[in-house]
Amino acid sequence: MPASELSYGVVAKWMHWLIALAIIAMLVIGWTMTDLPNGSQKFALFQWHKSIGITILLLSVLRLVWRLVHPVPPLPPAMPGWEKFAARASHALLYILMIGMPLTGWAIVSTSPLNLPTMLYGLVRWPNLPVLPELTNKKEVGHALGDVHGFGAYILAGLLALHVVAALKHHFMDRDDVLTRMMPQSMTGLLERLRGLP
Amino acid sequence: MKRTLLLSIVLAAFSSSAEAKPWIVDYAHSHIGFNGTANGSAFEGAFKSFTAAIDFDPDHPETGKISAVIAINGATSGDKQRDTMLPQADWFNVAAFPEAQFVSIGIRKTGSDKIGIDDYEAVGTLTIKGFSHPVTLPFSLKREGDYWRVRGNAVLRRDDFHVGEGDWNNEDYVKYAVTVTIDIAAKPAP
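Heads up: the protein sequence lines correspond to chains A and B, in order.
The opening residue of the first sequence carries number 0 in numbering that gives the first Met the number 0; numbering runs sequentially from there.
The opening residue of the second sequence carries number 0 in numbering that gives the first Met the number 0; numbering runs sequentially from there.
Read the hints as simulated data drawn from the structure, not as lab findings.
The model shown is predicted, which means the values in this text are computed figures rather than measured ones.
Be aware that a few hints might be false.
What the hints assert, rightly or not - The calculated lysine-lysine pairs, modelled on DSS-like cross-linking and capped at a C-alpha distance of 30 angstroms, are:
| # | chain 1 | residue 1 | chain 2 | residue 2 |
| --- | --- | --- | --- | --- |
| 1 | A | 41 | B | 79 |
| 2 | A | 138 | B | 79 |
| 3 | B | 128 | A | 138 |
| 4 | B | 20 | B | 108 |
Given these sequences and hints, build the entire structure.
What follows is the structure, given as structure tokens:
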């Protein structure tokens with residue numbers, strides 16, 4: 000189904016929600032695994048984190064390409080200028096993190112002193128980034144990258160919260176279609192009933 | 000002439016009774032494996048190929064000599080990630096050390112004839128990754144038609160052989176104890 004003037008297409012919606020679910024899973028797994036002591040649980044969570052992270056990287060690049068080919072519906076004309084700017088800026092930052100977080104994660108894996116080969120979902124070999132595995136100070140580089148990645152997670156969590164709150168504000172306070180146009184068709188009716196008649 | 004012939008017959012008889020004889024190994028029905036514990040669960044692995052030289056007379060084990068060369072590359076352990084890692088420098092460093100060797104120093108009988116199984120013990124030197132350590136390999140011998148079934152296992156510590164270096168040199172993920180299992184079909188050469 001092609002994207003209409005005022006709504007997102009099916010492909011864009013699927014990518015949006017898949018990436019959304021994956022990001023939430025990544026934040027939960029990421030914060031859990033770093034607190035665990037070395038052992039089987041920590042090991043397993045790290046493998047999941049790597050697999051899902053690379054999946055997000057691929058999906059996000061696809062999403063960006065798709066977005067270039069299928070322009071997104073315009074923001075509601077009633078939005079004040081500063082809100083439009085904030086929306087565009089926060090979306091740009093979201094994309095930077097959707098791609099930057101997996102990339103820094105990949106770089107961390109590439110500097111790991113464990114030299115553990117990455118197997119996506121235990122099946123597909125994923126290479127390390129070049130140069131990094133051969134660094135003599137890769138432990139230090141890995142720690143620095145880890146700090147950046149960990150800081151990025153807080154920014155991403157904050158942006159995610161802002162994204163959700165803004166979508167709800169659009170739906171319930173501004174009473175526009177910003178939320179429903181990214182929702183599955185089957186859910187728009189329910190959302191409109193929740194909002195009450197205009 | 001007569002004397003020489005007689006002497007050689009005597010010598011031949013002597014050597015066949017007191018000296019060990021080379022065995023023929025049926026590689027299609029033989030295998031050398033290993034098992035250990037990684038991330039809290041047991042795993043089982045197998046080496047792809049090996050060659051063994053067995054000079055052994057079950058009645059005179061002390062004259063016997065057993066040696067084996069095990070190809071490390073291609074070892075599988077039921078996990079793609081682990082199997083990709085095993086040949087790397089931290090683990091077996093296959094590029095520099097493609098083979099492991101076992102050479103026996105002495106063999107003795109330790110028990111016999113519980114339902115046709117005899118128990119022996121080979122003491123020898125195992126070399127993995129260029130590091131040699133003494134190893135005691137208990138094994139049993141059981142007649143199976145033309146062949147003898149040789150079964151045994153030895154518990155090693157992987158850190159003795161520097162298998163799992165750097166951040167792997169602990170028991171956080173992989174236990175130090177690894178059991179090597181041999182299961183070989185062989186028969187004395189006719």
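message = What's the verdict on residue 128 of chain B and residue 138 of chain A, does the C-alpha distance respect the 30 angstroms limit or exceed it?
response = holds (25 angstroms)
30 angstroms limit on alpha-carbon distance, applied to hinted pair residue 138 of chain A and residue 79 of chain B = holds (25 angstroms)
query = Is residue 20 of chain B close enough to residue 108 of chain B, meaning Cα to Cα at most 30 angstroms?
reply = It holds: about 17 angstroms lies between the C-alpha atoms, which stays within 30 angstroms.
inquiry  = Hinted pair, alpha-carbon criterion (30 angstroms max): residue 41 of chain A, residue 79 of chain B. Please report holds or violated.
reply    = holds (19 angstroms)
Violated hints: none; the structure is consistent with every hint.
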